[in-house]
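J.: As they're listed, the protein sequences go chains A and B. Per our numbering: the first sequence = residues 209 to 401. Per our numbering: the second sequence = residues 726 to 956.
Hints were generated in silico from the structure; no laboratory data involved. Mixed in with the good hints, there may be bad ones.
Listing some non-contacts, in silico: residues in chain A with all C-beta distances to chain B over 12 Å [as the list claims (entries may be wrong)]:
no., residue
1, Ala-227
2, Phe-291
3, Tyr-301
4, Ala-306
5, Val-315
6, Ile-335
7, Lys-348
8, Ile-362
9, Lys-366
10, Ile-374
11, Leu-380
12, Asn-387
13, Asn-388
14, Thr-392
15, Ser-398
Covered by chain A, per the in silico footprint, the following chain B stretches (three or more residues, Cβ under 8 Å) [what the hints assert, rightly or not]:
no., region
16, 743-751
17, 762-770
Using N, Cα and C, we set each Cβ at its ideal position, and we do this for glycine too.
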Amino acid sequence: MNKKVYILHRSAVVQNGLAEILHHNINCEVKLFESFPDFEIVSETLGDKYLVLVEDNQLNSSSFKSFIRNRNGVSVIKIINSFTQSTGNDTIYLYDNAGEIVNKVNVAFEQMTKPEKGEDTLSTREIDVLKLVALGYANKEIADKLHISTHTVISHRKNITEKLGIKSVSGLTVYAVINNFIDTSNINISDLL
Amino acid sequence: MDIFVKEHKVFDLINNNYHLLPVINRFGVNLGNKDKTLNEICKINDINIDFFLAIVNTYNNKDYFPEKELKSFSPLMIVKYLKKTHTYYTNYMLPKLEKLLHKLIESDSSDSNQLIVIEQFYFKYKSELLLHIKEEEEKVFPLVEKMVNNKTYDAGFNIHSYEKEHSDVDSKINDLKNLIIKYIEPTYDENICYEFLVTLFRFEKDINDHARIEDNILIPQLLEIERAQNE
Ligand SMILES: [Fe+2]
Ligand SMILES: [Fe+2]
């Protein structure tokens, strides 16, 4: 999928700063808009699956809300201009560092590409995570081994559980074993459970 | 029929929900009672009718919460009932599941180890369940007895951590079902597999209801006693 990010913010500095950060870290197409009306005019040409980073005062306008309502392929992250401690994944703060911003955008894209519930094919990355979960590694260790953030590991694990319908670590281990994701010739399986 | 009342008959109960068969059995209620009402049956068997109804209704209806009845029977009664249920699991349900699982493995015509891994997972689940039951019998239930008899309350056990443990135990049963239904190669005898699954479903339902009685009846009663003692 060609990733698309549209930024709606009054400040040219913010627009271009975010675009710069995204270009450097994520392979995606970025377009900049000053306000929702500018965006809405061309919205028909923008595809139907994209991520919008939008300044919070525009996000709360009724025109934006009704625009977004029936567009299932569109995900939103709001941008908050004030100096606040970063918390949720669906919010970018101007004082977030680049890593945090990239992470939030990546998580949003992951959620967007997530298959419908019940589809049980795992992505390659999810299988990597699953293998390490099955071998008993903790989230932090998995993150280090795969060079991703702990947060991303948790998000992968959530998707794995959702796709497979298996919650417990031992249950996931059984799944990994019966699908030959891990080599069990030299280990006693019941020790893994 | 959403709520059973004392005018109902054993047949109404079982006809409406046959999962209640082992439940009434734990009260010592047998079949063959002709058209006697639940009230009459309870009198004959020296059972507190409110307690009986609270239990069967909690089993029968997820949303049922016997608030009014809660105060009318002793937690000791519940403990006695819960212990009987534990015995039913350890002496009947688990051995039955194991026998079927063993038969299932024997029926497997392939040389894969999938079902062996499933069996190991089952044993893992079983050991956790047995540990949970042991904790209840050795820590929780004696604590209940102490609290009811108004002796010193020792806080070695945290009532609030109790519910979380239940969700851990039942997510494994759910995983077991998922693995067998969705992911295991069906190289086994199907009828044995279906029988195993049906038994597993019945067990899951029973144990979920059992946990709900612990969470929704026993725990609130304990909290109430604790509150009263702190006053
Ligand atoms: Fe129990
Ligand atoms: Fe329990």
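J.: Beyond 12 Å from chain B, beta-carbon-wise, is Lys-366/A?
T.: holds, 14 Å
J.: Checking a non-interface call: every C-beta of chain B should be farther than 12 Å from the C-beta of Ile-335/A. Is that right?
T.: The claim holds: Ile-335/A sits with its nearest Cβ about 14 Å from chain B, beyond 12 Å.
J.: Does the claim that Ile-362/A lies off the interface hold, with its Cβ farther than 12 Å from every Cβ of chain B?
T.: Non-interface label on Ile-362/A holds, nearest chain B Cβ at 17 Å vs cutoff 12 Å.
J.: Measuring Cβ to Cβ, find out whether Leu-380/A lies farther than 12 Å from everything in chain B.
T.: Given that some Cβ of chain B is not farther than 12 Å from that of Leu-380/A, nearest at about 8 Å, it is violated.
J.: Using Cβ atoms and 12 Å as the threshold, tell me whether Thr-392/A really stays out of contact range of chain B.
T.: violated, 8 Å
J.: Decide, holds or violated, for the assertion that all CB atoms of chain B are farther than 12 Å from the CB of Phe-291/A.
T.: For Phe-291/A, whose nearest Cβ neighbour in chain B is about 37 Å away, the distance exceeds 12 Å, so it holds.
J.: Taking the shortest Cβ-to-Cβ distance between Ser-398/A and chain B, state whether it exceeds 12 Å.
T.: violated, 5 Å
J.: Mind checking, does the region 762-770 of chain B have 3 or more residues with a CB under 8 Å from chain A?
T.: violated (count 0)
J.: Taking 12 Å as the cut and beta carbons as the points, is Val-315/A off the interface with chain B?
T.: holds, 25 Å
J.: So is Ile-374/A really clear of chain B, every C-beta pair being over 12 Å apart?
T.: violated, 5 Å
J.: Is the Cβ of Ala-306/A farther than 12 Å from every Cβ of chain B?
T.: Since the minimum Cβ distance to chain B is about 38 Å, Ala-306/A lies beyond 12 Å and the statement holds.
J.: Does Asn-388/A really sit off the interface, with its C-beta more than 12 Å from all C-beta atoms of chain B?
T.: Violated, because the least Cβ-Cβ distance between Asn-388/A and chain B comes to about 10 Å, which does not exceed 12 Å.
The earlier numbered hints that this structure contradicts are 10, 11, 12, 13, 14, 15, 16, 17.
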